[in-house]
Amino acid sequence: MESLITDIEAETAELRSLIAELPDGPAGWEAPTPAAGWAVRDQISHLAFFDDAAVRSATDPEGFTAEVLPMLADGRISPDTIAERYRPMPTAELLSWFDGARRALVAAFATVDPSVRVPWFGLPMSAASSLTARIMETWAHGQDVADALGVTRVPSARLRHVAHIGVGARAFSYMANGLEVPTEPVRVELTAPGGTLWTWGPEGVPDRVTGTAHDFCLLVTQRRHRDDTALETTGPLADQWLSIAQAFAGPPGGGRTAGQFDGGAA
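Mapping of the sequence shown onto the UniProt record's numbering: residues 1 to 266, in sequence order.
Certain hints may be false.
[As the list claims (entries may be wrong)] Pairwise CB distance ranges (calculated): (1) Pro206 with Asp60: 14 to 24 Å; (2) Ala13 with Thr196: 21 to 31 Å; (3) Gly204 with Glu93: 29 to 39 Å; (4) Ala66 with Asp113: 31 to 41 Å; (5) Thr183 with Gly122: 20 to 30 Å; (6) Gly253 with Pro206: 34 to 44 Å; (7) Phe261 with Ala27: 30 to 40 Å; (8) Leu69 with Pro206: 36 to 46 Å; (9) Thr183 with Pro26: 45 to 55 Å; (10) Asp262 with Glu232: 30 to 40 Å; (11) Ser17 with Thr111: 39 to 49 Å; (12) Ala73 with Gly204: 37 to 47 Å; (13) Pro26 with Pro114: 34 to 44 Å.
No lab work stands behind these hints, which were simulated from the structure alone.
Heads up, the beta-carbon is just placed ideally off N, CA and C, and yes, glycines get one too.
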């Protein structure tokens, strides 16, 4: 858990460097992000809200199951309703909420057995997987903020967490789209930011995905259209997967349109 905490703190620091000195208004907190209808502030309230939820799931799983999960079923918890609810919050208060929620997240997960199962809005998962998902969410929503502000981020080795979730969510991507889950594996070979090779799946299978880890992470978090990456596939199953891939829980997202970021591989 220590290495996950180190990485989420680093990812948090990178995101915070983008927002700490932002002005109010359309050049700052109200700048539109690639997520339709969402400004920078909505990305941050989303992270803070689900940080609080993750803390509750880890420290009070019975309460989370009894009180929080029903809010998902009756529509009180959805990305857009959360964004609307906290939109009037002053930005100084919003930043303070995000900081406090993230500190509480780190403190809570530092004391939890990494293997213990915690409830979540999809299926229960290990505490280690829950914290890994918070890293993924921070990176993905941080990408939206960076895009809104015209900032190009430098990829880091922390992308391995995002890629790992993306690979592991292959079956869920099919289920979310109402498709039968293939039983055949796909080999994934990604070039890490440092030049090493990250791999998943057995060697020698006919279906493969290759490319940079950065492109793969942008795709599975639906922050870039597939056509704007340099990912390559071999075999029909690999091709089909990349057309529906998502690393996040919930229904399929709208993703991004081809050429939205002036084309080219990310």
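Okay, the hints, checked on the actual structure:
no.	hint	result
1	Pro206 with Asp60: 14 to 24 Å	violated (47 Å)
2	Ala13 with Thr196: 21 to 31 Å	holds (24 Å)
3	Gly204 with Glu93: 29 to 39 Å	violated (55 Å)
4	Ala66 with Asp113: 31 to 41 Å	violated (22 Å)
5	Thr183 with Gly122: 20 to 30 Å	holds (21 Å)
6	Gly253 with Pro206: 34 to 44 Å	violated (29 Å)
7	Phe261 with Ala27: 30 to 40 Å	violated (19 Å)
8	Leu69 with Pro206: 36 to 46 Å	holds (40 Å)
9	Thr183 with Pro26: 45 to 55 Å	holds (50 Å)
10	Asp262 with Glu232: 30 to 40 Å	violated (21 Å)
11	Ser17 with Thr111: 39 to 49 Å	violated (28 Å)
12	Ala73 with Gly204: 37 to 47 Å	holds (44 Å)
13	Pro26 with Pro114: 34 to 44 Å	holds (42 Å)
Hints 1, 3, 4, 6, 7, 10, 11 from the earlier list are contradicted by this structure; the remaining hints agree with it.
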